[in-house]
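Letter by letter, the chains look like this.
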Amino acid sequence: MDLRFSAEELAFREELRGFIRDNLPDDIREKLQLGHKIEKPDLVRWQRILNKKGWAAFNWPKEWGGPGWTPIQRMMFLEEIQTFPAPEVNPFNVTMLGPVLIQFGSDEQKQRFLPRAANLDDWWCQGFSEPGAGSDLAALKTAARREGDHYIVNGQKIWTSTAHMADWCFCLVRTNPQAAKKQEGISFLLIDMKTPGITVRPIISIDGEHHLNEVFFDDVKVPVDMRVYEENKGWDVAKFLLGNERTGIARIGKSKERINFSKQKAKEMRAHGKPLSQDPEFRRRIAALETELKSLEITQLRVLSAQKANERRQDPLTAVLKLKGTELLQATTELAMDVAGPLAMPDWADELEALSNEPELGPVWATEATRGYLFLRAASIYGGTNEIMKNIVSKGVLGL
Amino acid sequence: MDFDLTDEQRLLRDSVDRLLADTYTFEKRKGYSAEPEGWSRALWSRYAELGILGLPFAEEHGGFGGGGIETMLVMEAFGRALAVEPYLTSVVLSGTALRLAGNAALQSELLPQIAQGKLTVAFAHGERQARYDLSDVLTTAKRKGGGWVIDGAKSVVTHGDSAGKLIVSARIGGERDDAAGIALFLVDAQANGVARRAYRLRDGMGAAEISLSGVEVGRDALLSEAGAAYPIIERVAEAGIAATAAEAVGAMETMQKMTLEYLKTRQQFGKPIGENQALQHRATEMFVALEQGRSLAMLAAMMVDEPDAAERQRNIAMVKAGVGQAARFVSQNAVQLHGGIGMTEEYAVGHYFRRCMVIEHSFGDTGYHLSRLAEQVA
Ligand SMILES: Cc1cc2nc3c(=O)[nH]c(=O)nc-3n(C[C@H](O)[C@H](O)[C@H](O)COP(=O)(O)OP(=O)(O)OC[C@H]3O[C@@H](n4cnc5c(N)ncnc54)[C@H](O)[C@@H]3O)c2cc1C
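Protein chains in written order, with this note's numbering: chain A, 1 to 400; chain B, 1001 to 1378.
Quick caveat, the hints were computed from the structure, so don't treat them as lab data. Hints may contain errors.
Output of the computed footprint for chain B on chain A, the stretches with three or more beta carbons under 8 Å from beta carbons of chain B [as the list claims (entries may be wrong)]:
id, stretch
1, 199 to 211
2, 344 to 352
3, 387 to 398
Derived lysine-lysine pairs resembling DSS-like cross-links, with alpha carbons at most 25 Å apart [unchecked claim]:
id, chain 1, residue 1, chain 2, residue 2
4, A, K141, B, K1030
5, B, K1271, A, K181
6, A, K53, A, K110
7, A, K182, B, K1264
8, A, K239, A, K256
9, B, K1271, A, K390
10, A, K141, B, K1264
11, A, K395, B, K1271
12, A, K37, A, K265
13, A, K37, A, K256
14, A, K110, A, K52
15, A, K239, B, K1271
16, A, K221, A, K194
17, A, K390, B, K1264
18, B, K1144, A, K182
19, A, K182, A, K395
20, A, K40, A, K239
Which chain B residues face chain A? A few, computed with CB under 8 Å, are given here [to be verified]:
id, residue
21, G1117
22, Y1132
23, V1194
24, L1201
25, Q1332
26, G1339
27, M1343
28, L1370
Beta carbons are placed, not taken as given, at the ideal position from N, Cα and C, and that holds for glycine.
Produce the complete structure using the sequences and hints provided.
Structure (structure tokens):
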């Protein structure tokens, strides 16, 4: 047992750091350092810079435009991006769709979609959940009826993140309503969001933002060759996708960044007549979070070192990463909000421009810290809730 | 010892509940929020008719001489309904300041107007640099002629956007944290030199950043002199803690109720999600937190007028820390157990969640009060 990284690994980390430092556009860096919001054009710009270097599709093999990294290298990449902080790559394109197409897609699908997904030429969204099918995803009803070379899709998806800015959607649809088991009648389709019959309706979330949508399908024609893998075998693809978030699932870098950010800001804020950074209760809270984060970091390294590159075996410890990772992400965003004190209360991000003579609003970081806290309440809901994860562990791992 | 309400108190609670049941559906609340000031003047008049706007004031000022328990009952009802009117700021905070400052002329001028719903007064004390430190006041008041000139800025003044008058703390002596140098003034919100920038808090309530530049007020605007003012400011914050503890309990009650309802009706895997023992236990933990929080809100109501300052402050600090933890647990789990729908603007739970979040960041958060209590551990 040895905790130290090899000289090559350390050199690799330096290379990552250097590249981010030298190539992240100043305006984006500044926005992130100040804790401001990042918009789609910024994300596209940065992902293209990474892609030019061959790093955007960080978890793909070389053959399909990825860097062919080891699990440790992928972990380092995510951690450096998150702690710097720089924007993260689009998860729908890179961690969800890419590996699915590489594993299950036809050659045509790979050639057509993978390069564009890596370069964020197409923005993908995930059409899995439905009003009646959340935790019980296999209960989904959106129907795809075969007519010659096409499927005719009818139904509704919900909670579809970024559907309003997406070019394409990967969807689970029911192709065989008569199947004996509900998991057996599902297929995985790639749907062009410009196809007639698709309506996207916004859902505003508790952070006041528009991330989520309802997506309605009304006689939407989807060519049969947009199906990934076999008909009625879509559940295998979905399981692969959901279980595939091994690297980086814990978002340890993001939690670290929130702690660093809080420590910095705590020097400017105060409590009981001194800087908040000197308040014993605050320091105890940081120490407790850092302790938990340290253990999770080591757990993540255990998972990674047990994994050989490209070997796909579910390690029960990934459940620890998901559960503890989301809990710490929520605890650290909560911390960042709490640092702001009363300044955490205002919702003034959209009205910062003052007319002359008007009192200034701000700081922006405070209102954004709260926004982050509010949105990340969903971290224990999206991608499968933490309760469902615990069910899986207690049955599948603990044998209860 | 007695935890029962008197007949009058029960009557008060029932009549407030009845009024709010008619006027505060979630849909109607959206309507009030959408009004320019973010709350309903029409509803405010109905509160006046009911007598609750003068609840804590003396009868000679058009009030009912109510105490901490009465305020608790009203605030709990407001919490259940998620009311958006400036009751906390105008009746509880400013009302407490006016009552305790004992400036008879200002009392008989202002309290009846507040009780009748004709005037709302905001408590403009917090400053951007202060975070939760009550003595951190940089705004100054300097003598000029027989009166004063006030300069400075007040931050996150709840309902300061719509208030007719402001109670402003300003330093007439001493340095940054010197509590003894702070005085309280009454300032007309329309006075020359007062600039207000209105915005909404995360819970939809109105608030303002207020700058005061060369604001001239007369001798009679001095509500409380340096030396006397700071203990009043502390009492105002304590009254705020007691009132919002009750409000948070009301909000927790509604979240708990909505969550239980959802657990019984939402189906996944062919059965109500509430049949899963994991969620039954979570709901039970929410119930435990709610009842612990309720006990603390009661403690606050009984302690808020306690004459022994050290005893009162210690208890109120425990209330703030304990209710903060309870409300965070209940509101986070209310969202969690609703899944996606709990994360949305169109569903009520998220609004209760944010009200509790705002309450937690008012008058010192959990960590702030725990650290205060920790220092006093003997
Ligand atoms: C911000 C956000 C972004 C999202 N983005 C997407 C997206 O892009 N694409 C997409 O397809 N979906 C997305 N989702 C949907 C997400 O995957 C679902 O919300 C999630 O699977 C839960 O489903 P549900 O909301 O229907 O809750 P439900 O399944 O109704 O669950 C409600 C509560 O019951 C609990 N529960 C349910 N069953 C059990 C059980 N058997 N045992 C114990 N507890 C149980 C849950 O844990 C939860 O607490 C997103 C959700 C959010 C909040």
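Do the hints match the structure? See the list:
1. 199 to 211: With 5 residues closer than 8 Å to chain B, the stretch 199 to 211 of chain A meets the three-residue bar; holds.
2. 344 to 352: holds (count 6)
3. 387 to 398: holds (count 3)
4. A:K141 <-> B:K1030: violated, 33 Å
5. B:K1271 <-> A:K181: Within the cut-off at roughly 17 Å; holds.
6. A:K53 <-> A:K110: Roughly 20 Å separates the two Cα atoms, so the pair holds.
7. A:K182 <-> B:K1264: Holds, at roughly 24 Å.
8. A:K239 <-> A:K256: Distance ~30 Å between K239 of chain A and K256 of chain A Cα, so the pair is violated.
9. B:K1271 <-> A:K390: Holds - the C-alpha atoms of K390 of chain A and K1271 of chain B are around 18 Å apart, at most 25 Å.
10. A:K141 <-> B:K1264: Between K141 of chain A and K1264 of chain B the Cα gap is close to 23 Å, so the pair holds against 25 Å.
11. A:K395 <-> B:K1271: Holds: K395 of chain A and K1271 of chain B sit about 19 Å apart, inside 25 Å.
12. A:K37 <-> A:K265: This hinted pair holds, its Cα atoms lying about 17 Å apart.
13. A:K37 <-> A:K256: holds, 19 Å
14. A:K110 <-> A:K52: The given pair, whose Cα atoms are some 19 Å apart, holds under the 25 Å limit.
15. A:K239 <-> B:K1271: Holds, because 23 Å separates the two Cα atoms, which is no more than 25 Å.
16. A:K221 <-> A:K194: holds, 11 Å
17. A:K390 <-> B:K1264: holds, 21 Å
18. B:K1144 <-> A:K182: Between K1144 of chain B and K182 of chain A the Cα gap is close to 82 Å, so the pair fails against 25 Å, i.e. violated.
19. A:K182 <-> A:K395: Measuring from Cα to Cα gives roughly 20 Å; hence the hint holds.
20. A:K40 <-> A:K239: violated, 29 Å
21. G1117: Constraint on G1117 of chain B not satisfied, violated at 26 Å.
22. Y1132: holds, 6 Å
23. V1194: violated, 10 Å
24. L1201: It holds, given that the least Cβ distance between L1201 of chain B and chain A is near 5 Å, below 8 Å.
25. Q1332: At about 7 Å, which falls below the 8 Å cut-off, the nearest Cβ of chain A leaves the hint on Q1332 of chain B intact, so it holds.
26. G1339: holds, 5 Å
27. M1343: holds, 5 Å
28. L1370: Since chain A brings a Cβ to about 5 Å from L1370 of chain B, closer than 8 Å, the hint holds.
When each numbered hint is compared with the structure, violations occur for hints 4, 8, 18, 20, 21 and 23.
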